[in-house]
Amino acid sequence: MAEAVTNEGIVAKVKAFLATIPHNKITLRDLLNYPKTPVNNFIALLTVLFLAFFVIGVGNYLIHGHEAYGVTREHPWGLLIAVYIFFVVSSTGLCIVGSLGDVFGFKDYEVISKRAIFGSIVTILSGFAVIAFEIGHPIRMMIWNVLTPGLRSAIWWMGTLYGLYLTFMIIEFVFLLKHDMRRAKIFGLIGLLVGLAAHSNLGGVFGFLNTRLISQGVFYPTYFILTAFITGIYLAFIMMGFRYRLKFPDNIRKMLVGLAKIQGLLLAILMFFETWKMMTAIYGGVPGRSDVAEHILTTWPFWAEVLLGMLIPFLIILKSKGQNVTGMFWGSLIGMVGIFFMRYDLVHDTQLKPLQMMKVREYQLPPEWVHYAPSATEIMISLGGLGICILLYYIGTKLFNLDADTEH
Amino acid sequence: MARYGMALDYKNCINCKACEVACKEENGVLLGADKHRIWVGVNEIEGVWPNLSISSSSFLPSQCQQCDNAPCEEVCPTHATYYDENGVVRVDSDKCILCSYCMNACPYDARYVDDRTVTVDKCTFCSDTRLARGLTTTACQNTCPTKVRTFGDLDDPESEISILLKTRDHFSLKANLGTEPKLFYLT
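Top to bottom, those sequences are chains Y and S.
Here the numbering used here is used: the first residue of the first sequence is 2, the next is one more, and so on.
Here the numbering used here is used: the first residue of the second sequence is 1404, the next is one more, and so on.
What the hints contain is simulated information worked out from the structure, not anything from laboratory work.
Just to be clear, a hint being listed does not mean it is correct.
[What the hints assert, rightly or not] Each computed DSBU-like pair below joins lysine-lysine, with the alpha-carbon atoms no more than 35 Å apart:
id	chain 1	residue 1	chain 2	residue 2
1	Y	Lys248	Y	Lys399
2	Y	Lys360	S	Lys1420
3	Y	Lys360	S	Lys1569
4	Y	Lys278	Y	Lys262
5	S	Lys1550	Y	Lys360
6	S	Lys1414	Y	Lys360
7	S	Lys1427	S	Lys1414
8	S	Lys1577	Y	Lys360
9	S	Lys1427	Y	Lys360
10	S	Lys1550	S	Lys1569
11	Y	Lys360	S	Lys1438
12	Y	Lys322	Y	Lys255
13	S	Lys1577	Y	Lys278
Same shape as in the complex, but just chain S (with noise of 0.2 Å):
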């Protein structure tokens, strides 16, 4: 059994939004504005032409954070959101009510309702999917043009991204609100 996290060198990202295509693609996730797994948040560029801040412009690649301590995890009443045995936060979509608790509750907006099976969806690591094929990639690394994305084991010491967590500065969003994030940003 792993524990899966990823890491993101979100300053490389160029907004091409590959990985959104890639995982819904992957994942056959409907189309539609509010049926996303994954997205790139932009910052547009502060100031007024000619006096524009450059280094305001950025890009922040987010979805699922994965939390240790998944507050939707914690708020189901039916326990259909659940840690499979890598740590990932799935949903079982049988003992899903559609109570819509988990949407409100996640701090990260990750969830989303699926319209063919008429539940809550997220991020799954490509867990039913690449991983279950035998894949250690998910759909959004694996097709990152400027590889952004490394995806890993975070208990297996030599694994690319344990070695880059211990080797470069991190954070991880709305850390003060104790969920642990498994998605570390690079800085």
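If we strip away everything but chain Y, and leave its shape as in the complex, we get (with noise of 0.2 Å):
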């Protein structure tokens, strides 16, 4: 009975906080009430149509297994990893684009803080409903991750910190959300210190492959937080183009040249990286990292991810000096597209090379490169994550003021 009095006490405490939290009572009228425009429409459309992959897709799965996908032996990870790492970048990036206002103190940037830690919470959401169906036993994870953690496995690291990074960023968009700033600063720095470790384990989770050459090393780690950062720009550019139906506020305009400045800085060091990550990777002939740096340069997704992602946002950036934050909205919308292929190519490259490279069977050439095609069920799984991250926003939007409160 007294057990039963103070779980009713800790019930209704819980429900005492969650009132305090600023919100709007939403139904499901209002979140059909939206303005009746072309593109809205189509968006909405989109959306629903992605939804429903995502619900047939995970059928499919459940069904088939993993024979539903175009995974193989020899190419194990593949389009739903992809996506994962998409959508948790995506995450991590916007965690620090808001960070930039509320734990640094950059006045200019608190317009976006509540917005981009929204969004960063839903993108990581998006992120664990995709990779919940690719990994194969995702329960059994959580019950032996915690009673035999693998310490020295890069997965383990990366999948912990981002369960507590996901738990700070949302103590941190409830503070910000009571505008209580002080205790949002200190969650939002260490949410942003947590994800910023769990990031860098993703990877290293490819950094650690001492047998694939081509992604062992240093490089992968630092460049998820440089790529981060990049992909979070985008996103508050298309946000924010999609807040204001492209007529910026001078307030938000002048963010956005700031993000822009800061964007050409940062597309200009990773196109610095990566041109001599692939020089690097080429020369002297090592097998294993230079045949493979010099296949990649020849696969057309490559190079999506260098004009995409980096070169058309870049010159458009270039272009104006930053000042385009219209064209920059359209830049960004390339630049994820670019995103995703350097997401992709970051999977796929690792496989590439055979680690058996003796034929085996008869009637069979020796290998070469190993080959992978996405099945539709593993497509329609990534598109369902992009539904549910667009839906998760879009309540969002509704249920809770993104906008900067006014006092600031």
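Hints in hand, dock the two standalone chains.
Below you can see the structure in the form of structure tokens.
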């Protein structure tokens, strides 16, 4: 009886606390009540379609397991891993952008903090929704990750730290909503540090693969942080572009011009890093590294990554010295397509070189490059992840005030 | 407790694939192109007829190298991959979450997905079959018609494998990676 009373007390306290979080009361009718412009209708239709894809894809996976995917013994990581990375990189990036104002105190960027932190929550949740159907036994993972943790495994650190990161992001967001800036700053800083640690560990998952020379080493753990920041800025432009329908008030324009200039610098650094990565990989003709790098240069996804993810947005910024924020909205949409290819390439290129170079079956040629094509199920779950992300973000815009508070 | 290893007099291999069949039979490995614990790699004859390089044609039997410093064990987030009391790298299928990190980390492509347990599996030196029944041979070794394989305790100086490794030159695959394999190829 006493326990029941205590439990009731806790429930009451939680309810009381939740009631103090500023939010709008919404119904399904509110969600369906949006300006019926062609663009809005198109996005709404696309979101519903993607969510339907998710249901079909997951259903197919639950029936057929990994047989429904294009992954093989030689290429065990496929599109869903790339999409998971795409979402968690987006999350870390938005966390960095959101921290500029609230944690580091750059006043111009406070106008995006709440929106960016909320974006970081929905993107990581979308990533988790996708990875749940790539990991063969997600429930078992939660049990044995705790009972027998593999502390030398980058996947263990990455997963655990991302779990903590999500918790801190939610706490920071709540304090931002309550306009408790001091606590938001504390949890924002902790969340940012944990997020950066988690994210570099994700790079470490690839960097620790001693047998995959094209990925092994320090490059990915650091590159992941750089590309996260770049992704965060692209998403900041996209979110603000939709929020203000490309008619930006002065304070938002000022913030976006600042972000565009930072983006220009970051893209220049990224292109510099990539160039040296490819040159050092090719130089000397080391088998397993040089041949893979040369092969990558002949694949179209690599050039999609370079053109869409780096060059086009960089040229847009360069041409207007960062002033063309509307151009950068479109540049950011293009950039995000490039970022997707960046993640896909990262996963696929790591597994390009067969580890067993002799033929093992009759009527088979010796292995050359490992081929992989995503299955329809993988594509549907991936698009479903995007649908979940858009839906959660849209609900968030209705449920919370994601604009900067007027006192700012 | 032993520290099991295997020496392969690989130049004696005739690629009859009896070892693959015996392994599948003994360990209940499912059929399928990507479901194999052991395999024989083939180097085709090089050159254009009649100038063929007979010596270029060779067979290289391979499997899990039972590394002392196994990358697959190191990357496993749940300790599903572990060393048993005989130094054999094993997978606890109850703990395996099928993240496939081990499949990517293994330099020898020695792991595959067992569709019955939906977890990663690999060669276990017949630990849960023949060794568990008290036998001291593996299925692949027992069936080999040209006696390519010698299986035994590396810690026992009197064992056949220890004597072979003392008296014959040998090499390990991808030794530069520091994985310290317990499969030795006799030259």
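Hint by hint, here is what the structure shows:
no.	hint	result
1	Y:Lys248 / Y:Lys399	holds, 20 Å
2	Y:Lys360 / S:Lys1420	holds, 13 Å
3	Y:Lys360 / S:Lys1569	holds, 31 Å
4	Y:Lys278 / Y:Lys262	holds, 24 Å
5	S:Lys1550 / Y:Lys360	holds, 22 Å
6	S:Lys1414 / Y:Lys360	holds, 17 Å
7	S:Lys1427 / S:Lys1414	holds, 23 Å
8	S:Lys1577 / Y:Lys360	holds, 18 Å
9	S:Lys1427 / Y:Lys360	holds, 19 Å
10	S:Lys1550 / S:Lys1569	holds, 18 Å
11	Y:Lys360 / S:Lys1438	holds, 15 Å
12	Y:Lys322 / Y:Lys255	holds, 13 Å
13	S:Lys1577 / Y:Lys278	holds, 24 Å
Every hint from the earlier list agrees with this structure, and none is contradicted.
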